[in-house]
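Please model the complete structure; the sequences and the hints are all you need to start from.
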Amino acid sequence: MFLIADRVSYTYNRRTGVEAVKALRDISVGIDRGSFTGVIGPNGCGKTTLLKLLAGVHTPDSGSISLDGRPLPTMSKRYVARRIAVVPQETHPAFEYTVLEMALMGRHPHLGPFQLEGPADLAIAGEALAATGTSHLAERSYMSLSGGEKQRVIIASALTQSPEVLLLDEPTASLDLGYQLEVGLLLRRLNRERSATMVMATHDLNLAASLCDTLVLMRNGRVLASGNTADVLTSAMVRQLYDVEADVRVHELAGHLTVVPLGRLS
Amino acid sequence: MITVDSAGADGTPLPRRIPRSSIRGRLTATLLGFGMVALATCALAPLVGTTPISLTRALDPAIPFEQNVDAQIFFVARLPRVLAGALVGSALAAAGVVFQAMLRNPLATPFTLGVSAGASLGAMLVIVFGGALTFGSFSTVPAASLAGAAAATAVVYWLATRHGHAISTSVLLLAGVTLNSFLSAIIMFVQYLADFAQVYRAARWIMGDLDIGGYDTLIASLPLVIAAFALFAWLPSSLNLLSVDKDAAAARGVDVPRAQRLAFFSASLATSAAVSLAGPIGFVGIVVPHLVRLLVGVDHRIVLPASALFGAAFLVACDLVARTILSPVEIPVGIVTAMIGGPFFLWLLVRKS
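If you're matching them up, the sequences are chains A and B in order.
Here the first sequence stands for residues 1161 to 1426, where the numbers follow our numbering.
Here the second sequence stands for residues 900 to 1252, where the numbers follow our numbering.
Worth flagging that the hints you see were computed from the coordinates, not collected in a lab.
A hint or two may mislead.
[To be verified] Stretches of chain A that chain B covers, calculated by requiring three or more beta carbons in the stretch to come under 8 Å of a beta carbon on chain B:
no.	segment
1	1209-1223
2	1239-1247
3	1253-1262
For glycine and all other residues, C-beta sits at the position ideal for the given N, C-alpha and C.
This is the structure we're talking about:
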């Protein structure tokens, strides 16, 4: 196991106790190096919180996160950021940064406090833009882009961090079908060809089935099941997760499992 | 480590186009350009005024200072005021940049969080209830306004960190805006209790004025401004990431609570020093950063130093207008910056929407 959450719990607003929300309850998750893991479950099940804990953005109340055998708190934030990058669902900058500037911010953990990025950093950013098909947008304002372009730029920015692990929080949620497919293919390519470890939280069961080799199924801050996608993505499991009756079968043309919801159980 | 080649998303190779934007080149060019503008403004501004003087005569070492009227006007009457303008303009513009990035709000100003209202109340209390003493050329008014600014900063910080060790920027904004109006009410109450002479003096202070009457006050504020600028030097790349997204900044190795604290206290320090020296001169902290962004883009590693330089030039130029437009009457510079800044601000709002 490469990235491990060992019996972690996390509660929002724990300090004040006002509107405290128990987001994760004593859960353990292990991510293999080079795997593509999907984290699925209903709204509020703790997917995003789990990603923030894995990235070291939040610190667990109890339990520990470790990367490559070392607990996260023993490493500097910059060191962790050189190995783990995060792709959020949406990014809204306060100022009109250009696409290139957004991508170059990924170099932050590699630069000293007074160090400016040099030709090597520019080359890395340029390659990340090329890999996500956004080179031609380099001088454009990020805010002026379409949703699909924005998300590809954010992925480029994460790649510019040169990480070993990408944590993706519903990376395709705000994209139309074409861009969903495009971003999905890009992620699969990065996973297969560069052996990048991917952890993706998503509501899209079909996307998860098409991309992920491993699934973690969460509900109410707990892990319901985890394992090979083919083993755990069953209609019984979908019923337990969402209270939805669904037909789960391998699609002949797509070649992977597909989930068609049939009705909600009351 | 994930390395990527220049193949497109669909696997087909794209034209390899490595962007050629050198931050070093842009930074050097910007600093040189804005530095020359600031320097030229500061050198030429003392030459302009009711009495015309010559720079060559003022700097002529052959004439003894006692007999050199041009030199006396240049160095004694006008240069302290110009240097005060440069220091205050620089501090307010840079503080504006830092607050706008830290609060993720392009419409924030150095006065948004109540620092200037606290400083004003401190000055008012001393002006109205006595204690406005002068020791040599030092007055207690700047000291009192510094104390007021520090108190306001402490209150706002305490409110914004009550729910954890990280600053809540939304609470910070709300607390600052509320504190501003609350302190303004107290200031009005204090003025209500004052006599005419005191109210006049208080009103003049609040308008903002660079006529500081010598080098002593300037030298007294210098260490505060230098300290604030030394702290600013650590900020620019964190400000870039914070203004994009707080969690994304944390995921890129920024210590978010520490960066926010550093930004908040350094910008408050710069604002306090500027306001205690010259009163709350409005609009510099918002007009200058926006003008600079229009000229050089939004990267804070360039915007912050460029704004500090351009802020100096801007306020010195505004003060030049204030000194000369109704000559021989000198109007407070705060009126000029507001008359330029107000319409500019509205234009900016209309342009954005």
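Structure-based check of each hint:
no.: 1; hint: 1209-1223; in the structure: holds (count 4)
no.: 2; hint: 1239-1247; in the structure: holds (count 7)
no.: 3; hint: 1253-1262; in the structure: holds (count 9)
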